[in-house]
Each structure stands twice: as structure tokens, then as C-alpha cells.
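Q: Each chain, letter by letter, is given below.
Number of protein chains: 2
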Amino acid sequence: MPIPDGRQRVVISGVRPEVGHGRFPVKRVVGEKVTVEADIFADGHDLLSCRLLHRQESENTWHETLMAPLVNDRWRGEFRVVALGTCLYTIKAWIDPFATWRHDLQLRKQAGQDLAVPLFTGSDLVEAAAGRAGDFDGPRLREWAGRLRGEGDQGRAYELALDPELSLLMGRSPDEELAAVYGRELPVTVDRERARFGAWYELFPRSCSPEPGRHGTFKDCEERLPYIADMGFDVVYLPPIHPIGRSFRKGRNNAPEAGPDDPGSPWAIGTAEEGGHKSIHPELGTIEDFRSFVKRAADLGLDVALDVAFQCSQDHPWVIEHPEWFRWRPDGTVQFAENPPKKYEDIYPFDFETGQWEPLWEELKSVVLFWVGEGVHILRVDNPHTKPFRFWEWLIREVKKEHPLTIFLSEAFTRPKVMQELARVGFTQSYTYFAWRNTKWDLTQYFTELSRGEGREYFRPSLWPNTPDILSEYLQYGGRPAFVIRLVLAATLGASYGIYGPAFELQENRALTPGSEEYLDSEKYQLRHWDLERPDSLRELIRLVNTIRRENPALQSDWSLRFLPIDNEQIIAYSKHEEEGENAVVVVVDLDPYHVQTGWLDLPLDHFGISPAEPYQLHDLLTGARYVAYGPRTFVRLDPHGAVAHLFRIRRRARTERDFDYYL
Amino acid sequence: MPIPDGRQRVVISGVRPEVGHGRFPVKRVVGEKVTVEADIFADGHDLLSCRLLHRQESENTWHETLMAPLVNDRWRGEFRVVALGTCLYTIKAWIDPFATWRHDLQLRKQAGQDLAVPLFTGSDLVEAAAGRAGDFDGPRLREWAGRLRGEGDQGRAYELALDPELSLLMGRSPDEELAAVYGRELPVTVDRERARFGAWYELFPRSCSPEPGRHGTFKDCEERLPYIADMGFDVVYLPPIHPIGRSFRKGRNNAPEAGPDDPGSPWAIGTAEEGGHKSIHPELGTIEDFRSFVKRAADLGLDVALDVAFQCSQDHPWVIEHPEWFRWRPDGTVQFAENPPKKYEDIYPFDFETGQWEPLWEELKSVVLFWVGEGVHILRVDNPHTKPFRFWEWLIREVKKEHPLTIFLSEAFTRPKVMQELARVGFTQSYTYFAWRNTKWDLTQYFTELSRGEGREYFRPSLWPNTPDILSEYLQYGGRPAFVIRLVLAATLGASYGIYGPAFELQENRALTPGSEEYLDSEKYQLRHWDLERPDSLRELIRLVNTIRRENPALQSDWSLRFLPIDNEQIIAYSKHEEEGENAVVVVVDLDPYHVQTGWLDLPLDHFGISPAEPYQLHDLLTGARYVAYGPRTFVRLDPHGAVAHLFRIRRRARTERDFDYYL
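Sequence lines, in order, name chains L and D. Everything in the first sequence is counted per this note's numbering, starting at 810 for the first residue and increasing by one. Everything in the second sequence is counted per this note's numbering, starting at 810 for the first residue and increasing by one.
None of these hints come from the bench; they were simulated from the model. The reader is advised that the hints may include incorrect statements.
One copy or any two copies: either way a pair holds, since identical chains are not told apart in the list.
[Claimed, not checked] Derived pair list, reagent style SDA-like, types lysine to any residue, alpha-carbon separation capped at 25 angstroms:
| hint | residue 1 | residue 2 |
| --- | --- | --- |
| 1 | K1152 | D913 |
| 2 | K842 | S1369 |
| 3 | K842 | V891 |
| 4 | K842 | R993 |
| 5 | K1151 | P1091 |
| 6 | K1209 | R965 |
| 7 | K901 | H830 |
| 8 | K1249 | E1133 |
| 9 | K1151 | T1276 |
From just these sequences and the hints, can you work out the full model?
A: Quick look at the structure:
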């Protein structure tokens, strides 16, 4: 073993956050902070100077910020990310002989020891710093070195040693020769705010026609946009808009054979005549119609999200042009999608183990870039867990390199480690198990893990009470209250959430068969006509909830989530607060869609900066009611057929100008 | 970003154990197992084959063992370390198309699907394996491929596909082309058993003379060895045996000036005439006397441990020969050891930041190698936390490369992170905070951390109730019961423990001053004469405890420690069991050295393989008493002036031949 540089004494380890030994980035949005901690120490008792270094990937020099000791050799520093793209951070630390000397000098003085020799030692340190300093600080440091040697006023040398100006000058010319630098430059992916906060609305263009029975078009969708924007959504997400294969086309309710007028599943992409992943299904319109739709959405403040479903119908042009991208069966047919014994004969998956994977990857990348070029900056990726992680890592990095605005949502409902890995390799957001978490215990466990666990650094949850594939038992049997409950939970537990509409606001709850989570008469296989004006629609409630989300920063991020004790297993309560501000909300939800439930809620008043004797307001943003309360215990009564949830804003009496709204 | 090999689909992450990103080794002794876990998964639903690879550092090829899935994509495998030195391990995993195919085939069969095409697919897989296999398996695999195509007996092709012989053959010729190999080869330091289990006895040779007032010699020490061996110790440890400096020599009770006959501190090493770290203090004898002492110890089964104190007295030859190894003060004197305002003027530390650090390191290594050459295979390192971590990492690795038997004990009583880092860089064992952990809460917290925390992979605790520097308040004020309590705790909580004798067995408890942990009339500064035959000596109890340790494998390792509930804060109870055997002990100790304490102990019977209705024995190995018990609840009464502790061996009725001793 060769002798390493033996004089280097500082250890930097246990750095957090650090994902996969630093291979994968942590995630932030522009303006957020990255708080970094590490164990930093050396042998002996010398004092250290520790710096957090950060830079944009494109910059050549580091910005430095001071780290401060916490306890037990743990140090902490932070910086704010200010630009989209990739940012890097690392840590540098060194032994600070001057600070150590100054500290020891004070102890010697207190013990009444002779300071003559120590002051000369200090003078030597200052002299050495003068040598390192430039023309500006150098002469001043030399002057200070002289003062410590007693030149001028010998009696004051001790006081001068503690002078802040000297510390400042010394801090500007540290001796970094033996500084330790952490061996890794850790990446941060910096996204736009929509990556953290947004409300999504999914709809099938095929059902957007106002006339029953006519296939919807992009023009119809365009007419639907004000309805969606009015409800306060931020993103409108469309299932695949490409030509739909005819071979093995599925009929209504997933029938093995389609009738002559059945439109088939939009996920069976491609026909020989109409094209594949860069083409538009003719019944929806033209690329110009699509552009007009995107523009109208943008005018209304809506992002458009498209579905990326990397698979083909048997009729897709690629099947003819690139047979080497598919797996072939011994009988000379292409291997269709299977999860034995289930068969999806209308869908051909790619063979990602093909020797021709490089052209395949490039072609798939070109698909994403095509739609990004059409102004689509959000991509909801279908079943990413059936394609290689390395492919996604490459694809997302390639796309975001040029288009850092792009958001990729992972639609992987699979094993936890696989979902986490997809987030690690680059997906901006991820679907969650939320649809199946309906009890207090389940919700508490799961959302504590998501908001507190180490995974929060890279896994951004997206909460969906329903999707075209998931009509949960809870919604099937819970009636309207179940929809309200799940809406409030999704919109307040998750800064990012979405619904599949109009099925959601119209409380569509008919399952294909008992025990199934598939919809009866699913839009996946047929057109549906929705009566948006039905009086029982949840449209107004959704608008209210989305408005509350926009007005309350506490609901716009996930990490502040804290579950609160309440003495009823059917009622869940939690709070969220603004990280750098005063906004705080408390959400109380009856999880039982059938019965009135009551309970005593314990509010952690100190958490909200409220003293025990101080009155405060619980302002229910859902009803407008205001309750003046004292002390931590509050009684709540929730009724599935009345107020099934409270969404309290906690209002303290004015203390600063920011509290002006106590009586508003 | 260049395209990585895109066909590689398997992820291996979250590998445990892994210390410091794999830079540092985990520790084992010969014969122990290394259990390795990792998250291993791929996209999709294909089945995986996962192997744990391991080899001696000197070997060129890996040994492979199968890993088995636990739950949630976590896999586990293990291997046994069989030779001293360094061993490496890593993980390899690949998608197993044959296992996946076989699994799917069964599902298809159950669903009544046509198997013709799938059987041909399987035949192709077998054919491909035949191509990879050698002359022996190749033809047999080709035969199997034919059978799957229905050659011979078409109706039986499905049953043949599930034939174990085919699986065996396929498992011998896997397709590893796209196998993932974990990116790190993780090291294991393999020590001899003494690294994990041993009882140490520290004594000052200077006080070994049977005649009061005469300086002890190695010959006297040799005469003392049977006394130590008889008590059942494994290691005899001597403070520094080198010439002691005369300048600034400390007098009795650490007086700033020594009297003419004061021997000084053995840690102030070196005189110009008598030499330094490779020399022997003339009053102790000659190198031949030392060799005779080491030989006699070996004959009695005792290892000799020496003190490595890398520092000098002012008179050390190195101060003259290598002034560049020391720090010089502006007044032209060498910088003595300081921890302001405390001064240790009899001791010069090295300047490890000297430009001449390489010759310094080499010289210090030569000191260790010198004593290793004299048959000393255990080194207790004084204050390692005041020398650079990199130095220790290098030194220990260099020494163990040639002498893998060598054990290094770190005497660092300092901040936790520093103690852990010393263990990470290579120290075999480490002193602990045990001396200051006296309450049930403290002991439970600390030993749960040591025995369960991730640090257990590299930090081997050594427990000392007293040392020449530490006479704890508990021992000062607790009388004889305190010594008994601390002995039993040390010897049963720690597989490695030690005492500083004869001060311990003679219950020396006089402190230098109130509030000090220093001994009055400490042997560090003067000779002491000890009356070993005093009737109140703990010698017999120590012999008994060490005998129990040797007879009960449960007490020879640390990881099985488990604290047991008992309803009295003054009584602590815990169990330990043999990892691969039936031996199990339960220790119950009264932590209050003043009063009788009673309590109800809850025994986790299932943990010991005892059913609730089954009688079992609590055999107190300290008294020989046996209690036949039923059920988990047991009443205990402990008396500081009688039985202050129970050390129960749990005896079940005979079930196997190994249980023969129930009635012994």
C-alpha cells in the first residue's frame, strides 16, 4: 500500500442527502433550499472550518457557504438553487490553526498563564496568512502580526488577538493546503415549481364531443378547457392521441374482439397507414388542431401532459420497419405482451435486450423530443417499470439537458423498490399507492414514509384517487361522501394530485364486475358521454379545494406533513405549514363514508407558535366558518352527509404585518 | 452522455454490510459467517438468479454461493470466512430466462392454454445453454431440447420441462452475458478469535516485586503470571516498558516535580542514554528477560499486550536526531503536549503535519514491527485519537499484511464519531464508555447501539470497569458490591473485557481528590505494593466468572445481546445465546450497590425454544443453585451483601444429544 498524503487529517463522511452513493440526484425546484449535513472531524482537538460548495453544472467555479456545527461532530450548511438544470454540491473542510490558537489563547488567559510565547505563535500564523494574501490584505495582516508581537502597544496584544477585524482578515486567507474535499460531487436536479405542486385533470379526448355518439376531437377538447381551468387545475393530461391499431383490437369492456364501430384502446398504438408515436389519430384531428389545443391551454394557464406509451399495436409501422426491435416467437409471430396467464394480444412490447437497442433508444428519444417540440412539457410515462432503468436514466437526462422544463411522471404501480429506482434514475414525479390507502393506519404509515423518509429527496408523490385503471373498492361502495373524502385527502396530503374526469366529479362508481377495479363501460374501449351540468357534480367543491391550495402555501409542498392525535380511528388529522412563512393548515377528515364520527383533536400549539393561554382562530376554508379556540383540545364532529372534512387555516392574532388577516 | 450498455437490466443496491461506501472492511474472526443483503431487481417480472461472490484477497477466482429472496426485492446470502487476512465479497445477478419460462409455463398450464409455442421457446433456451455448456453437459442439454420439442414422447413435454435434472443442467450453464456485478469489492478483515473474545489483565511491572519498595522486574512479572492465568485471563497487558525521561519527570500523584527516587510516568518515553521505543527500561531488566516473560506467558496460554504510546519525553533520542518530527515554539523549545490550559511538559507529541512525515511514519511502523518480532501480537494503542486517521489506516494495514494475527486495541476515550472512525480505519478492538454507563437506561441504550447498530460490523467493544486513568465515582463510593456488579456486567455484556489489577481485585477505590477519577498514589507515578492474599480479594470470583465465560459460548460474542423486561429500574436483565448452538444465558444484576432489590423478570421463552407449559431450569452458574421454572415470569431478589447478580444458564429438557446436560 503506497503511503497516502499523510498530513491530511480531516474526515468528511455520512453526507446527507446523498442518493445511491452520489450516483443519483436529489430533486428541488427553483428557489428551494438544499440542506446538507455531514460528519466532519479530525484527530485531536483542533477547530475546523467547513464549507459547503455548490455550483451549476455549467459553472467552473464553486460558490462557498459556511457550515455550522450542530452536535456530535455533525455539521450543517445550506444553499438555494436558483436555476433550472443540474446543480452540484460537495464539502471542503480544513483545520483552522488561527481559530484554534485564538480559542486556546482565551483559555490560557483565564488560567492566568504567561502569553508571551503563544502571542508570538499567533503572530507567526498571521505572518503566514499575509504571505498567502494578496496586495490588499497582505500589508494589513503584516501589520496585525506586528501588533501581536507587541509592536506598538505590548499590553494590548491579547485584546488585539481577539479583534474581529483580524478574524475577518484571517478568514479571507485560510491555509487550505491540507484541506479535505469530499470525494464526490453530488447532483441536484432543479425543476420548475410544477414538479412539486400542481393539480392534474385527466380526460379522454374521444369523449369530449358535446353530441352523444360522435367521436370527440381536439376542437371539442379545446372547448372543454375553460371548464377544466375554471375548476382550478394546472395540468390537463391526455391518454395516447396516436392512431389505434386494428389487429386484435379490443371491444367494449375489454372484449377480445371489437365490433365494427369500437374505437379500441388508445394504448394500442400505430397503424400502417396513419402512423405511430409521432402521428395523431385522424378522428381527433390534425397536428394543427393539436397545436391550437396546446395554445388555448397555455392561454388558460394549463400545461398539457401527454402519455408516453412505448409499445406498439401489431399494425405499427415499426413492426415492419424494425422487426429486430421485437421478440419473435418460434411460430414466426411477434411476441405480444403477457403476464402469464394474462395476454394482451393487441400490444407488442419492445425487446429491450435486442442487439439493436441503440437505434431503438434513439428512436424513442426522438418521439419525446417531437412532442416537446410541440410545446408538451409534461410526459406521463405508461408502465415505465417494464422497460430498463438505464434506458430511462439516459432518456430523461438527454431530454432535460436541452429542455430542463420537462416533467416526467412515472406510472408505475408496482413493488416499492422498483418505484423508488425509477424515481432515482430521473422521473420527476411518481404515482403512489394512495388509491389503496384508505385507513388511518395505512395513510399515516405511508405518508410519514413519503414525507419523512430518505426517499423524499428524490421521490415526489403524485396522488390519484382514481385513474382509468383504478376504481377502488372505497369509491365503488362509499357513494358521494367517499369521493369527497378522497378528493380532500389527495389535494391536501399531496402537493401534486390528479383526478380522472369527468368520471371523478360525476362520481362514476360502477365496476366492470364485482371485485374488479375496472370501470364498467370504460372509456379505454368506448366513447362515453358525460353530463357535466349534473347538479350532483363535485365541480364546485373541486374548484374550492383547488383555490384553497393556491392560496395556502402550506399545501404546496409535502415535507411539513405532520399527523395529529385524535381519539377516533375513523378520523384522520394532520397539519402542514409553510417552510419559510406563517401559513399553516390543519386538515381533519372522516374516513368513514357512512357514519357520523366525533373525536377530540390535540393540536400542537407550540408548533404553530401559539401559547397555551392565547386565543386563536380555526378558520374552516371549506365552509368559511371561524371558531375562536383556546388551548390544544378541540372537539370535532364530521358527517358524511354534511361536513365530512374540515380544512382549517390556523390564524394567530397579529404579531407582525404578515399576520394582518386575523380578522379577514 | 454516452449510451451505457443498454441491455443490462438488473439493479443491485442497498448492500449491507458496507462501511464507508466500501472503503473500510467489516470484521470477522476465523470461522464466522458474513451475511450479506441487497436490493436486487430488474424491470418487468422476470425471475432473477443472484449470487454472493467471495474470495481471499490473494485468490484470483471467486467462490459463488446462492442468494435467496427475503421479501420486497431484498436478497440474502452468506459465506464463512476460513483464513486470516483480508477477504472480499461482491454480488452478481442476472435475469434467469429459463426459470422465468418454467414459472410462466406452469401458469399457462393451469389456465389451460396451448403450450405448443411456449415449449418450443423453452427448447430454444435449452439449445442455447447447450451451446454454452462444455462437452459433458452440452450433449445432454441438446437431448433435453429435443424432448421439449416433443421428440420421443410429445405428451410428456410439459412434465419434462419441470424435471429437476433439466433445472440443474440449466443452472450450470447460465447466460451471464448481461449479468450485473455490484460495482465494489467489499473487504472483510479476518482476525483470530482473540479479537472477539478475551479477558485482559493490565498490571504495572514496576509494582510486581514481592518486596515492598523494590522496583519490579520482568522476572517478578514472570512469577506473577500463574496468578493471572489461574484467574482465567487470556491477555496480560503492560503499560510502556521503555526508558523513562528525566526532564520534567512527574512526581508522586502527578506532582510537577519528581523526587530523586520517583520513577516517573512510563508514558514519558525515552532517554538519551537508554534509548526509546525499541528499548527496555533498565530497571525492568533486559530484552532477554522480556523474551523469557513472553515465553512463560505463552506457556500459560496468555497473550502479552504492549502499550504503543507514540510520544516522547524531552530526553528521547528522536528529539535530537529528528527535530523535524516535532513542533517548535517561537522561543526555540519543543512544543510539549497541551490541552489548554492543561500542560503535559514531560511529553512531546509528534508533529504529524511535518514535511518529513514519511520517515516518521516508517520509523513508527518499525517500532511496532520490532515488538511483533519479539512475539507481541497485541498492541494497546495509547491516545490514537491525537494522531491522524490515515496514519493508523496505513500502519495497521502494513503490519497486518505480514502479521495478520496482530490485534490493535484503540485507547480512545473521546467523541463517538472519532472512536468509530478509528475502528473503521482498522483498529481491531476499541475501548468504550462502559466505565461511565451505570444506570439501566444508559446501559440498555449504549449496548443496544453497540450490539445492534451498523457499527457492530467494525467496532468491537472492549469493556473496562477500571483503568489506571479511570476510577469511576461508582467504584469510589459503591464498596465491594460495586466492584462485583461492574465485574459481572463487564464480563457478560462484553465478550472482550479487562481489568486493571491488582487494583481491581483488591477494590482500590481511593481517589486523588474528590471529583477526580485519578487514583490516589497512582502507579502511574510511583511503585505500589499489593497484598494479593488479602482475604477480601475478588480473585476467586474473577476466576469463576472467567471459567463461566470459557464454558458458555453465549458469552463469547456480542451480537446476540437482548435486554429483558424487569419491573425495577435498579435491576438490569439481559440474555445472550450461541449463534449456532443451544447455549443460552440470562444475566440479572442489581445496579444498586447499597440496597436489596426485587423484581419480576419476563423471560422470552420462545426465544429459548421453550414452550409455555414446559418446565425448564434456571441454573445459576455463580452459586450452582438450580431453579425449575414454568412460564415466563420469575421473581428475583438481589442483595449487595449476598447474591448481587444471577448468571443463569437456561437449560431445557433433552431433545437432542446436545441437550444431554439438563441434569448435569
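Q: Each hint should be assessed against the structure and marked as holding or not.
A: Here's how the hints hold up against the structure:
1. For the homomeric pair K1152 and D913, the shortest alpha-carbon distance between copies (12 angstroms) is at most 25 angstroms, but the shortest distance inside one copy (76 angstroms) is not.
2. Taking the shortest alpha-carbon separations for K842 and S1369, only the intra-copy value of 14 angstroms comes in at or below 25 angstroms, while the best inter-copy value is 43 angstroms.
3. For a Cα distance limit of 25 angstroms, the shortest separation of K842 from V891 inside one copy, 9 angstroms, qualifies, whereas the shortest one across copies, 50 angstroms, does not.
4. Proximity of K842 and R993 under a CA criterion of 25 angstroms is satisfied intra-copy only: 20 angstroms inside one chain copy versus 32 angstroms between copies.
5. With identical chains, the CA atoms of K1151 and P1091 are never at most 25 angstroms apart, being 31 angstroms at best within one copy and 88 angstroms at best between copies.
6. Taking the shortest Cα distances, K1209 and R965 never come within 25 angstroms of each other, neither inside one copy (61 angstroms) nor across copies (54 angstroms).
7. In this assembly of identical chains, K901 and H830 lie within 25 angstroms of each other by CA distance both inside one copy and across copies; the values are 18 angstroms within and 19 angstroms between.
8. Proximity of K1249 to E1133 under the C-alpha cut-off of 25 angstroms is found in neither arrangement, the shortest distances being 50 angstroms within a copy and 69 angstroms between copies.
9. For the identical chains of this complex, K1151 and T1276 are intra-copy neighbours only, at 21 angstroms inside a copy versus 71 angstroms across copies, given an alpha-carbon limit of 25 angstroms.
Of the hints listed earlier, those the structure fails to meet are numbers 5, 6 and 8, in rising order.
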